[in-house]
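S.K.: Each chain, letter by letter, is given below.
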Amino acid sequence: KAGVTQTPRYLIKTRGQQVTLSCSPISGHRSVSWYQQTPGQGLQFLFEYFSETQRNKGNFPGRFSGRQFSNSRSEMNVSTLELGDSALYLCASSLTTGDTEAFFGQGTRLTVV
Amino acid sequence: QKEVEQDPGPLSVPEGAIVSLNCTYSNSAFQYFMWYRQYSRKGPELLMYTYSSGNKEDGRFTAQVDKSSKYISLFIRDSQPSDSATYLCAMSRGGSYIPTFGRGTSLIVHP
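Residue numbers (this note's numbering), protein chains in the order written: chain A, 4 to 116; chain B, 3 to 113.
Bound conformation, chain A alone:
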């Protein structure tokens, strides 16, 4: 059974640009959550999508957005990148919303220069 796939693995962007990250959940999983991980703040929740609807949202500015497609694949977008957006962005998939068993992808390492 394939795990959670995130693309790309590494990304370097310039301040002010925008970026789109992709996540393919485990087959059959309908919930996708996104997290930002930094050494200073740890793992912080961005948002969760279930059945193409945003179910929960963390405390991040509107520059961070996401969506989910009918096949449960999800994308997140960050516009007007700032240096502080440099982080590891992790996607987690689970069978349903609020499921305690969440499976993480390997993440996308975003560096903003």
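Note that these hints are calculated values from the structure, not bench results. Owing to the predicted nature of the structure, the values given are computational and were not obtained by experimental measurement. Built from N, CA and C at the ideal position, the CB exists for glycine as well. Do not rely on the hints blindly, as some may be mistaken.
Said to hold, decoys possible - Subject to a maximum C-alpha distance of 20 Å in a straight line, what follows is the list of computed EDC-like cross-link-like pairs (lysine to aspartate or glutamate): (1) A:60 x A:78; (2) B:44 x B:5; (3) B:58 x A:104; (4) B:72 x B:17; (5) B:44 x A:55; (6) A:60 x B:85; (7) A:16 x A:78; (8) B:69 x B:17; (9) B:58 x A:55; (10) A:60 x A:104.
Stated by the list, open to error - Here's a subset of chain B near chain A, in silico, CB distances under 7 Å, partners left out: (11) 45; (12) 95; (13) 97; (14) 100; (15) 113.
Unchecked claim - Incomplete in silico selection of chain B near chain A, CB under 10 Å: (16) 10; (17) 13; (18) 15; (19) 26; (20) 51; (21) 53; (22) 56; (23) 77; (24) 80; (25) 92; (26) 96; (27) 101; (28) 103; (29) 105.
Go by the hints and put chain B onto chain A.
M.R.: Just chain B, lined up with the frame of chain A:
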């Protein structure tokens, strides 16, 4: 004060030692308690989860929850160099609530 507190370490132990990793929390509504292991350059991997208070054992790993003290622990017996990783605790109220993560403790097991 953060909702979940976890000492970042690093915690360095010799191979074969018993390791104790801990988290404290402030929200008494938490009912589900999880432990994740994260190797360098990888995503977190769910090790164990428990509901409410009590112990749960899985091989060399034991998770312990004390809700009265708002304190959870992960014990690793006969630690191996391959256990070297960052261990994150996470807690949830259940239902549709999203888990809250600790910052993680870096564990180094040296041969």
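S.K.: For the restraint on residue 103 of chain B, tell me whether the closest CB of chain A is nearer than 10 Å.
M.R.: For residue 103 of chain B, the interface hint holds, since the closest Cβ of chain A sits about 4 Å away, which is under 10 Å.
S.K.: Would the stated hint for residue 80 of chain B survive a check requiring a Cβ distance to chain A of less than 10 Å?
M.R.: Where the cut-off is 10 Å and the nearest Cβ of chain A is about 26 Å from residue 80 of chain B, the hint is violated.
S.K.: Check whether the Cα positions of residue 44 of chain B and residue 5 of chain B lie no farther apart than 20 Å.
M.R.: Roughly 25 Å separates the two Cα atoms, so the pair is violated.
S.K.: Does the nearest C-beta of chain A fall within a distance shorter than 10 Å of the C-beta of residue 10 of chain B?
M.R.: At about 9 Å, which falls below the 10 Å cut-off, the nearest Cβ of chain A leaves the hint on residue 10 of chain B intact, so it holds.
S.K.: Does the interface hint hold: is residue 95 of chain B within less than 7 Å of chain A, judged Cβ to Cβ?
M.R.: Violated, because the Cβ-Cβ distance from residue 95 of chain B to chain A comes to roughly 9 Å (cut-off 7 Å).
S.K.: Should the interface hint for residue 15 of chain B be scored as holding, given a Cβ-Cβ cut-off of 10 Å against chain A?
M.R.: 22 Å, violated
S.K.: Has the given pair, residue 69 of chain B with residue 17 of chain B, been kept, meaning a C-alpha gap of at most 20 Å?
M.R.: 31 Å, violated
S.K.: Would the hint on residue 113 of chain B stand, with a C-beta cut-off of 7 Å toward chain A?
M.R.: 27 Å, violated
S.K.: Tell me if the straight-line CA distance from residue 60 of chain A to residue 78 of chain A falls inside 20 Å.
M.R.: Since the Cα atoms of residue 60 of chain A and residue 78 of chain A sit roughly 15 Å apart, the hinted pair holds (cutoff 20 Å).
S.K.: Can we keep the residue 56 of chain B interface hint, with Cβ of chain A closer than 10 Å?
M.R.: 15 Å, violated
S.K.: Does the interface hint hold: is residue 101 of chain B within less than 10 Å of chain A, judged Cβ to Cβ?
M.R.: Result: holds, 7 Å to nearest chain A Cβ.
S.K.: Between residue 58 of chain B and residue 104 of chain A, does the CA-CA distance stay at or below 20 Å?
M.R.: 16 Å, holds
Figure legend: structure checked against the earlier numbered hints; hints not met, in rising order: 2, 4, 5, 6, 8, 9, 12, 15, 17, 18, 19, 22, 23 and 24.
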